[in-house]
Amino acid sequence: MTQLDIIERRDGDRLVVTVAGPVNSYTYGDFQEKMTKALAAHPLVVVDMEKVTTLSSAGIGVLMAALDDAEAEGKRIVVLRPSEIARLALESTGFSDRFPVAQNLRDI
Amino acid sequence: MGLNFISFIAAIGIALSGISIHRRGGRDAATRLLLIVDAFSFAYALLHALGTSQIDVNHAALLRAGFACLAIAAGFLLAYGLYFPTRMGRFALPLAILSIVGSGGAAYLVAQGFDFIALARQMPDRIFVTTGRLFYPLVDIVAAVGALSGLLQVLRVFSRKAERITRQRATLAALSVVLSAVGTWALIRLVPERSGVRRSFALLPLAPFASALLSAYTHSLSRVFDWRENGRRLLSYLILGLLFGLPASGVTALLIILGSVYPIVPIVGSPLVFIVAFRSARRFSERSLSRLGSSREYREELESALAHIDLAKGRDAVLAELHEELSDSLGFKDLTVLIEDDEGVLKTVYAPGGGQASLPRDAELREHLERSGLTVLMRSEAVAAPIHENFRSELVTLLDNLKAEALIFAKEGRRIIGIFALGARSSGADYTDYDYDTFRAIYGKLFVFAFYLKNVARESILYTVDRELALSDQVIRFALEKVDKVESPTADVAWMTRSTRRLGGDFVDFVRLSKERSFFVLGDVSGKGLSASMNMLVLKSMIRTFLRVERDFTGLVQRVNLFIKENLPKGSFFAGVFGYFDFARGLCYFINCGVPAMFLYVPSFDAFVEIQGEGRVLGFVRDVTPYLKPRKLAIPAGSALIVSTDGVLDSENIRGERFGKDRLRASARARLDKSAREIADGVLDDLLTFTDKRQEDDLTLLAMKFHARSAP
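If you're matching them up, the sequences are chains A and B in order.
My numbering applies: residue 528 is where the first sequence begins, and numbers increase by one.
My numbering applies: residue 36 is where the second sequence begins, and numbers increase by one.
If you're looking for bench data, these hints aren't it; they were derived computationally from the structure.
Being a predicted model, the structure only gives us computed values, none of them experimental.
A portion of the hints provided could be inaccurate.
Listed below are the simulated SDA-like cross-link pairs for lysine to any residue, each with C-alpha atoms no more than 25 angstroms apart in a straight line [unchecked claim]:
#1 B/K600 x A/R603
#2 B/K600 x A/G548
#3 B/K605 x A/Y553
#4 B/K605 x A/G548
#5 B/K605 x A/R633
#6 B/K368 x B/V217
#7 B/K605 x A/A597
#8 B/K575 x B/R475
#9 A/K578 x B/I689
#10 A/K564 x B/V656
#11 B/K480 x A/A599
#12 A/K578 x B/R729
#13 B/K600 x A/K578
#14 A/K578 x B/R693
#15 B/K600 x A/F622
#16 B/K605 x A/D532
#17 B/K605 x A/L542
#18 A/K602 x B/E335
#19 B/K600 x A/E600
#20 B/K600 x A/P627
#21 B/K600 x A/A599
#22 B/K600 x A/A592
#23 B/K728 x A/I612
#24 B/K600 x A/A567
Here chain A stands alone, though its shape is the one from the complex (with noise of 0.2 angstroms):
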């Protein structure tokens, strides 16, 4: 799979944004764009990574910015289900602590 594929639903006040397909120097603009957008509006975003196939540095930093938003602004974000690339990528940072992750909908 050579393409990300970004899927966007509302859950109550909170909003799932699911990933699918390689985040990496090619797609992160997408990714940047949509998380942006949807910090903004939403208190509480989840970020579903299960079919996420490469987690490059570009893609690391979507998140880590995301984060950092979150927290100025009183708002959350919670990795869900991050499929071992995503997880390992996570871990390789030495941070992967400061990212919340969920591995159910209903534990969020």
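Following the hints, position chain B against chain A.
Structure of chain B alone, referenced to chain A:
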């Protein structure tokens, strides 16, 4: 020892004042005169201390010699007032000679016999001094001359147009003259006698001591004293003292009383009281006292505003926005920006107010500014600081040409690559210490703008059709040129960096500390393409700048971390390693900041050992210090080091298999008998064969081999 121990303390204090003036440099007439004043004041305080001590000496002779020194010091102090802060025209020299000769005459009268100090007898608990007929008249005359001189000095400066800093220095210098003369007079005349003895006699050196301290401060003063800001601080301390210090002292006193019954109570209770009071005071200060100066404290807003200027908007828009943000916060109109061109000349690139200047690479003034290590220069410093005494007129001319009151220098290492010249405030007020601190605080951000203007935002490049690729050549060439050669004969070093789309954020840098010591960085700045390249270059340059000022290894990494967090675009981070090689001792110290693979080939094991350990990327949290773990590594002869970024490990073949650590190790091991260059190139060949020539991420690999030192 009685009160005269204060004289010994005064002597030490005066000596330290003199030393501080001497160390600050400056060999003009005023500085030399002040050093002479301090030398005689020191002699006076010491002789006075001995003359009033219980040591079996000729007390009267010591006191006479001491007062003779004081008289000479007073003469030189008057002469100093004629040369500081500016020379008093053609009258300065004759008046200075007159005051020194006059003080010499007074010193002769004091020293020669019984008219000043008649007798000094040793009593069981003090020295009983009988003054002569000239004692009081001489003290009165010196006090009157000192007060008159101070008054004339202030009038002289205020009667003509002068910089505010000059007026402040003149006022304080006059005050130090008055303090010495009138202070001595007051201690003699105003403290009443008891049983025919003046107890204040032993305290007389306090006046020249206070004068020496004030003179040293005045002499070092090169920025306008911010009365409001300092008043606010004083008020804050008073409030904290009244609200927290006083009650805490009361409680502690109570605990000490209780201690007579329960000795443990003050031992345990006093530190607790102190901690509670300190924490409460700090909280109160942060929440309430900070409001006292709210209207004038703009630093945080300015830092935030500068951080949000978008460099992607282009050169003209960036400069206009920078000008607007600075002028809004500081209340000035004119901003002039100079940037170094390809020939190394600092040229004006932005000057809506008409300021113009140019500083060639070899200009003496520029060399002086680079050598001085300054990043901020205020006009008051150009006028007053001893360090600039040989370049004062050139500096003032430069400031005039740029219509500036303050200059901020963007430096790459020692070299100035840009100057931001800030004009006068519209209100007419001077820049203060608070402004100075703010300029230093925003330095990192202004450096980014200078770097951007110098290396990226040149119009000739902006108008290039294929902008990214045109820039990439410049970026890569620049990056390669800036790496220092490792000169140690025991180290063989090679690396390769290969970016996708010719642009990337990976880099390797070696900084030569000495022939046998090198600092290195290898890593990956997040993002891709133009922005990553630019971030990489800025970061690489900043690391070299920080290396000049930061001696602590973890401190250096924290500085880099904070720079990324505060200055690079949001979401930027750096994953890599910082290291320091001591080739002579066969040691390497390193801090892993998220580099995924470091392997050391250990000859005694005949195996590669994975050594990178745990690491945290930089730029995610504001303070990364608690997470940094410096490691020490022995690098014996015959060993080899391989370091790679994630691009190498994560490269995949057509079946989706990763190149990974095992293949990297195997590839390097197969070439252990080859040179470092052949190892680096060979690993790349293996990797590209594995991926069938496909490359989806930047690749960076460092290979080092360590040899035994050959016998001399």
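Results for each hint:
A C-alpha spacing of about 20 angstroms is found between B/K600 and A/R603, which places the hinted pair at or below 25 angstroms, so the restraint holds. For the suggested pair B/K600 and A/G548, the alpha carbons sit about 29 angstroms apart, so the restraint of at most 25 angstroms is broken. With a C-alpha separation of about 18 angstroms, the suggested pairing of B/K605 with A/Y553 holds against the 25 angstroms cut-off. Between B/K605 and A/G548 the alpha-carbon distance is near 23 angstroms, which keeps this suggested pair within the 25 angstroms criterion.
For the given pair, B/K605 sits about 31 angstroms from A/R633 by alpha-carbon distance, which is inconsistent with the 25 angstroms threshold. In summary, the hint linking B/K368 to B/V217 is not supported, as the alpha carbons are separated by about 46 angstroms, beyond the 25 angstroms threshold. Proposed proximity of B/K605 and A/A597 is supported: the alpha carbons are some 13 angstroms apart, at most 25 angstroms. A threshold of 25 angstroms between alpha carbons decides the hint, and for B/K575 with B/R475 the separation of about 20 angstroms falls inside it, so the pair holds.
At most 25 angstroms may separate the alpha-carbon atoms for a hinted pair to count; A/K578 and B/I689 meet this at roughly 20 angstroms. For the given pair, A/K564 sits about 24 angstroms from B/V656 by alpha-carbon distance, which is consistent with the 25 angstroms threshold. For a cut-off of 25 angstroms, the pair hint linking B/K480 to A/A599 stands: about 21 angstroms separates their Cα positions. A threshold of 25 angstroms between alpha carbons decides the hint, and for A/K578 with B/R729 the separation of about 23 angstroms falls inside it, so the pair holds.
At roughly 30 angstroms between alpha-carbon atoms, B/K600 and A/K578 are farther apart than 25 angstroms, so this suggested pair is violated. Taken as a hint, the A/K578 and B/R693 pair is honoured in the structure, with Cα atoms around 18 angstroms apart against an allowance of 25 angstroms. Annotation: proposed proximity of B/K600 to A/F622 holds, straight-line Cα distance about 15 angstroms (limit 25 angstroms). Pair hint B/K605 plus A/D532 holds up; C-alpha atoms about 24 angstroms apart against a cutoff of 25 angstroms.
Our distance criterion of 25 angstroms between C-alpha atoms is met by B/K605 and A/L542, whose separation comes to about 22 angstroms. Between A/K602 and B/E335 the alpha-carbon distance is near 23 angstroms, which keeps this suggested pair within the 25 angstroms criterion. The straight-line distance between the Cα atoms of B/K600 and A/E600 is roughly 18 angstroms, inside the 25 angstroms bound, and the hint therefore holds. For the suggested pair B/K600 and A/P627, the alpha carbons sit about 20 angstroms apart, so the restraint of at most 25 angstroms is met.
With a C-alpha separation of about 14 angstroms, the suggested pair B/K600 and A/A599 falls inside the 25 angstroms cut-off, and the hint holds. A C-alpha spacing of about 10 angstroms is found between B/K600 and A/A592, which places the hinted pair at or below 25 angstroms, so the restraint holds. Simply put, B/K728 and A/I612 have alpha-carbon atoms about 23 angstroms apart, close enough for the 25 angstroms limit, and the pair holds. With a CA separation close to 22 angstroms, the supplied pair B/K600 and A/A567 stays within the 25 angstroms bound.
Hint compliance for this structure: hints 2, 5, 6, 13 are broken, all remaining hints hold.
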